[in-house]
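Colleague: Take a look at the letters that make up each chain.
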Amino acid sequence: MATRHSRSAARIMMAPAVILLLGWMLVPLTMTLWFSFRKFLPLRGGDLGWAGFENYVRFVSSSSFWPSVQATLMIVGGVLVVTVILGVLLALLLDQPMWGQGMVRVLVIAPFFVMPTVSALVWKNMFMDPVNGVLAHLWKFFGATPVEWLSQASLQSIILIVSWQWLPFATLILLTAVQSLDREQLEAAEMDGAPSLKRFWFIILPHLSRAITVVILIQTIFLLSIFAEIFVTTQGSFGTKTLTYLIFQRVLESQNVGLGSAGGIYAIILANIVALFLMRIVGRSLDA
Amino acid sequence: MGRIVLDQVSKSFGDVEVIPPLELLIEDGEFAVFVGPSGCGKSTLLRLIAGLEDVTGGKIEIDGQEMTSVPPAKRGLAMVFQSYALYPHMSVRKNIAFPLRMAGLDKEEQQRRVAHAASVLNLSDYLERRPGQLSGGQRQRVAIGRAIVREPAAFLFDEPLSNLDAALRVGMRLEISELHERLGTTMIYVTHDQVEAMTMADKIVVLNAGNIEQVGSPLELYREPRNLFVAGFIGSPRMNLIEGKEAARHDAHAIGIRPEHIAVSGSEGNWSGVVGVSEHLGSDTFFHVHDTGVAETITVRADGEVGFRHGDRVYLAPRQDAIHRFDAKGLRI
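Chains A and B supply the protein sequences, listed in that same order. For the first sequence, the tail end lands on 288 under this note's numbering, and the numbers increase by one without skipping. For the second sequence, the tail end lands on 1333 under this note's numbering, and the numbers increase by one without skipping.
Chain B extracted, bound-state conformation (with noise of 0.2 Å):
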């Protein structure tokens, strides 16, 4: 259970509209996430679901029942922050029972739930420590596990990663997707990472000042991303967006084609330029390449270990199927 709908929902502080009324539905068990650049009103809109804020106008509708003015404790929602917010005082496990704690459930039913939320955590050692005594993944495993001792209709997680370091960073994230396909709970997950995005979600959802660019499966914004925004936002190292000439050339205002669909070599192609920075992965190696005469520099990806070195003059074939096409307004066309 956990079905979200919000109708016209809109915020302002102050003369300041952070978000503009939108309209949005998240299906029951799905995992979606809140993409976009910082300040672009991700948080504010999950804080809105929350009940942290008060909606300026709109509907928010959890489970069928109008919940717009209802407090957040009774929303049926659990929220995992970003600074993790843990008790300092408390051991791990009355931090986990706390929510318990305030819902007045016996002290039996309280250890059987903290018991069975700290095994699937991987938590059990860890129980009577306190957070501060905790590295920054097991702090995040606390922070989840006193969310679904809850059992709530959604998790809201705001920017739950970013303050870990990158390698933890994917593991949390597989951890997180797992504990989704075994929950089967409605997850909303914000982040300005594009690539946890892309990995975790069923929908995303592409915030821009306060404006949902667009919704859709990570395949689908990938493929067929709805303006330039999306274009530039979704994919990594981030698509080549091209104006002028090239561009008339495909009947459209701007073009747009990503690292990965451009070949390169050294003898053909329809552009051709100098390789500047040269980003070597060993899987994967990425050129910036200058003075291709449509645009200041194309990223372009080539497979494996390709041996180009600063300097060397290359030609560039963009595969014509995987160009994109935008208007004056920066629409798909």
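Chain A extracted, bound-state conformation (with noise of 0.2 Å):
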């Protein structure tokens, strides 16, 4: 890529991707805010004009808005809590030799090739079903009242069945950052007279700072559009009303696109905020 020549050679061949994903982004945006700025209601009367702010200010002022941004933020951060720890904890583990360990690692990255409407599916209505879930059976069996999941813990139970998803992501990724570390390190750490849990605390943990932030920074992009698994059990009742679930309600289930739009493109600014904090607070750790 020395040459003027060869580098204008590179722009004329690169164009057509860029030129693609450009598109593919900004069309979809323009429409969104296109629509959000009209009063398009498709079964009652189609596309009624301008409609300036009306759509946003009526998103907000609803009742449903700070308590969906609030369930939103409430899964995405259990979500991670979750699978961080237990993601860190499992990558220790299988970072052990043993025997079997190729098959355990299959087994363990297998949950992430579920499609998330089918393991919401088992989810509840093998585990989480208070007459016949295998939770259910498990309480009866201790003699406790079988609990009702996704009514009476639903923010909880959707939190386990996406950090369920996303654990074996997050393991992965860890799993890697673990095998990368010097064990020249460990046993110069062990020299030193630190104990295991010192070891963990002072050499491991900050060599897997860096990919804990990146299972952080790509799970909370995806994590905030969760909806499947919100659609297959609690179709939003019970306080799991996420932005995205709102967003779908306003546009399918109240035919109102202009309103559902405005709820996009406040989404959008949620996701960018959230973005922007990460950042923030462990963005520092990608630059060393």
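No incorrect hints appear here.
Computed list of lysine-lysine pairs in DSS-like fashion (alpha-carbon distance at most 25 Å, straight line):
1) A/K198 / B/K1107
2) A/K198 / B/K1094
3) B/K1107 / B/K1094
4) A/K140 / A/K124
5) B/K1074 / B/K1107
6) A/K198 / B/K1074
No wet-lab data here; the hints were simulated from the structure.
Using the hints, put the two chains back together into the complex; each one sits in its own frame.
Modeller: What follows is the structure, encoded as structure tokens:
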């Protein structure tokens, strides 16, 4: 890529990909922006003209807006905490030499390949069902009253389901990070008098910080938009209505495309605020 | 304090015995070097002493105390690793202070000892840097600093200079030797480089396939190698080993003669041959002489600049009193 000629050739060759990606992003974004300023009710007259900021005001002043933001943040935060902590522990466990290591690793990754809809259905019907679920049987075996998971502990249940799906991802990334740690560093720490807990705290955890950052950033992007798990289980009731789900309801259940689009723009803003905070908090460890 | 005794120590990995039972004594204050080709078990032996590997059999005693099953941190030994094994996320100061922090020393004492180590090792200006910002030699010094703050009974060095370039290696060699003079602490040093062994050691332990071939001072090993392996391993360039008729003339299975004990001239000598590659170093010149009829190649050293060229016929005169004789088992006669 040294000469001017080869540089301009490279630009021309990259152009189709760049233009495609830009279009892919910009077209839906512009359309959402456009619809958010229209009064657009598909089943009640179609596009009824310019609406100004009315959609935006209505979306925020709705009583379900702030609870949905809260639910979104709770689910994202909860899943992040669970997957990072369990991910680190699992990664350390899987790093130990053991019999059938390859098989165990495949099994650990397996949940990641299950579609969200399917996993939510499995959890709802086979585990959390208050009459026939495995958990209900377990509770009954110990003489306790089965918990009605999806209504009594709805938010926690969703966090559990989503964590189960994302734990393999966190584990996988953290496992590769654990494996890249120089064994001599651990031996040096051992010689220096650090028992295993301190070795974890002073050597392993700092080494993992970058991988943890990556896990948090990538997961946040995907967790802000989880939908299938809520749609299949609680349908947004019992305080599990996230911002994504609220937008879905506005567009498809209320048939108000304009209002939903305004919500979509809010979701973009929320995602950016979260991203900004995350970059501030954890981004530092990416520099080092 | 730091007298280390290995009594019938052996090590096996599964069915493979890497170190057959061996005996070794390292006196307090001694600079002992384990030397041998790669895979000879010298690092494993060091790790056994450090406690990073468990012995399969035998006893390890440090300062008269049985340490065979004591964890590494409690043996009072400090180790410098080949990769330095510095903690990359900590500053130099924190790296050096780490063992003190683990030992629970108070902050002031930590600071005092770190400052002392830093001044000994010329690291005072780098204390706030991260290991990633240091050169190889500086990292090596930090690793040594982390070892000396603990004031250990003995230092263990595992090929500490092999990642440095040639010039720096010579410099660090001197620094480590000087450090040994100043501290007077026992040091055990593992290397595959016989020059390092010869220049630094009080006592060299030559290892081959887990066996101790010979233990002695550098000059003892140079003058009287106990067997063919030691003869070939110690000395640079290596000793010429000659078998067959020429050896039989000396009533031996094999004879050895060092390149520096052969005189080379254009007119007279016992053997004659044709100069192959010649290496002119200024202070010395090494000739690789072919077609001598006694061995495939004979290496000879000449003082200063000697003007033989590729293809010249030369005559070689070995010093008769410097010929080493070995029997059929490779042992010295």
